[in-house]
Amino acid sequence: MKRTNKKGQALLNSSILKAIEWQKDIPNEKVIHLGHEYDNPHKWIICLLGNDTFTLNNNSVKNAMIAANQKVNISILGLRNEEFGIRSKDYWQVCDDTEEGVFVNIKKKDTCRSILDQVAITFSVYKQDKLPIVTELSDSALQK
Amino acid sequence: MIGMEVSFNWCRLAALENMQLFTYAEPEKKIPNKRRADALITTQLRKHICHKRSIVFLLDTQFSDPFYLKKANLFMKNVFKQLTEQDSFGYICIGNAELVPCPEMVLEPKKFNLNAKHQFMRDINTDEHYS
Numbered sequence: 082m083k084r085t086n087k088k089g090q091a092l093l094n095s096s097i098l099k100a101i102e103w104q105k106d107i108p109n110e111k112v113i114h115l116g117h118e119y120d121n122p123h124k125w126i127i128c129l130l131g132n133d134t135f136t137l138n139n140n141s142v143k144n145a146m147i148a149a150n151q152k153v154n155i156s157i158l159g160l161r162n163e164e165f166g167i168r169s170k171d172y173w174q175v176c177d178d179t180e181e182g183v184f185v186n187i188k189k190k191d192t193c194r195s196i197l198d199q200v201a202i203t204f205s206v207y208k209q210d211k212l213p214i215v216t217e218l219s220d221s222a223l224q225k
Numbered sequence: 012m013i014g015m016e017v018s019f020n021w022c023r024l025a026a027l028e029n030m031q032l033f034t035y036a037e038p039e040k041k042i043p044n045k046r047r048a049d050a051l052i053t054t055q056l057r058k059h060i061c062h063k064r065s066i067v068f069l070l071d072t073q074f075s076d077p078f079y080l081k082k083a084n085l086f087m088k089n090v091f092k093q094l095t096e097q098d099s100f101g102y103i104c105i106g107n108a109e110l111v112p113c114p115e116m117v118l119e120p121k122k123f124n125l126n127a128k129h130q131f132m133r134d135i136n137t138d139e140h141y142s
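Keeping their order, the protein sequence lines are chains Z and P.
Position 111 of the first sequence, counting from 1, maps to 192 under the numbering used here, and the rest follow consecutively.
Position 3 of the second sequence, counting from 1, maps to 14 under the numbering used here, and the rest follow consecutively.
Bound conformation, chain Z alone (with noise of 0.2 Å):
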């Protein structure tokens, strides 16, 4: 069933706009590490789209986020065995201006699985490891 109506292929844009906002709610945190400010959290609108029907505009986005004063990435995931077609270009436009998030179009179902992984790396925190454990052995046992 193909989406026909306007409202309906409104909707992706629509739905990044709300989620921008609700983006507003979460507090942010300052840390600062080497002389560096970080924002705390990571703060992330990734899209599952099994077509292309949706149209998504740029500006709109753009100005949400200034609008919101909110770093968010966004990511877009096309899952369908076709190549998306004109519209992808206005979908990697909107990624491609945040900076972290991709636009994905995945074909294959033999790779499907290994490219979603890579994109969960994207936007993957990596936890504080405890420190290496060195132990250096004496002369005498470097010599057996």
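Hints in this document: simulated from the structure, not taken from any laboratory.
For glycine and all other residues, C-beta sits at the position ideal for the given N, C-alpha and C.
Hints are supplied without guarantee of correctness; some may be wrong.
[Said to hold, decoys possible] Cut-off 25 Å, straight-line C-alpha distance, at most; resulting in silico cross-link-like pairs (DSS-like, lysine-lysine):
(1) Z:K152 - P:K63
(2) Z:K111 - P:K122
(3) Z:K189 - P:K88
(4) Z:K105 - P:K81
[Stated by the list, open to error] A few chain Z positions that, by computed beta-carbon distances, are all more than 12 Å from chain P:
(5) H117
(6) N144
(7) N150
(8) I157
(9) D171
(10) D177
(11) E181
(12) I202
Given chain Z, work out where chain P should sit, using these hints.
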């Protein structure tokens, strides 16, 4: 002989910190694309320094093949599972809202309404839902 417990994240963090310190040490040195390289270092360092995440998923319901619907739902479920209780999670259905148990979940810390969220993840990942 030196024995070392391998800690990939620790080594990665140390390497990034060193790279950043080098950029501070040579502020005047003109390197092509230096700004871009600095941004890359800080972006990667941020993943080590800030551990909180706030993610909103926009999920379509109309896929050309149930395989992709399954993958999309599973992907969201797996990411949700990896979030800590302090992380925030939100969801908006951008397809046919009648096909999903819940059209949206307002962005809030994962620990709020946790059972409802778990139930939702289970419901959209059942064979009944795919059929």
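Here is how each hint holds up against the structure:
1. The suggested pairing of K152 of chain Z with K63 of chain P holds, with an alpha-carbon distance near 14 Å, which does not exceed 25 Å.
2. Proposed proximity of K111 of chain Z and K122 of chain P is supported: the alpha carbons are some 23 Å apart, at most 25 Å.
3. For the given pair, K189 of chain Z sits about 21 Å from K88 of chain P by alpha-carbon distance, which is consistent with the 25 Å threshold.
4. A C-alpha spacing of about 31 Å is found between K105 of chain Z and K81 of chain P, which places the hinted pair above 25 Å, so the restraint is violated.
5. A beta-carbon of chain P is positioned within 12 Å of the beta-carbon of H117 of chain Z; the least distance is around 6 Å.
6. Distance to chain P confirms N144 of chain Z as a non-interface residue, since its nearest Cβ pair spans about 18 Å, more than 12 Å.
7. Consistency note on N150 of chain Z: stated as away from chain P, and its beta-carbon is indeed over 12 Å from all of that chain's, at 15 Å minimum.
8. Chain P draws I157 of chain Z into its interface by the beta-carbon criterion, the shortest separation being 9 Å against a cut-off of 12 Å.
9. Listed as outside the interface, D171 of chain Z is consistent with that label: its C-beta sits roughly 15 Å from the nearest C-beta of chain P, beyond the 12 Å cut-off.
10. Residue placement check: D177 of chain Z keeps its beta carbon more than 12 Å from all beta carbons of chain P (closest about 14 Å).
11. Interface exclusion of E181 of chain Z from chain P breaks down, the closest Cβ pair being 6 Å apart, not more than 12 Å.
12. For I202 of chain Z, the condition that its CB be more than 12 Å from all CB atoms of chain P is violated, with the nearest at approximately 10 Å.
The structure fails to meet hints 4, 5, 8, 11 and 12 from the earlier list, while all remaining hints are met.
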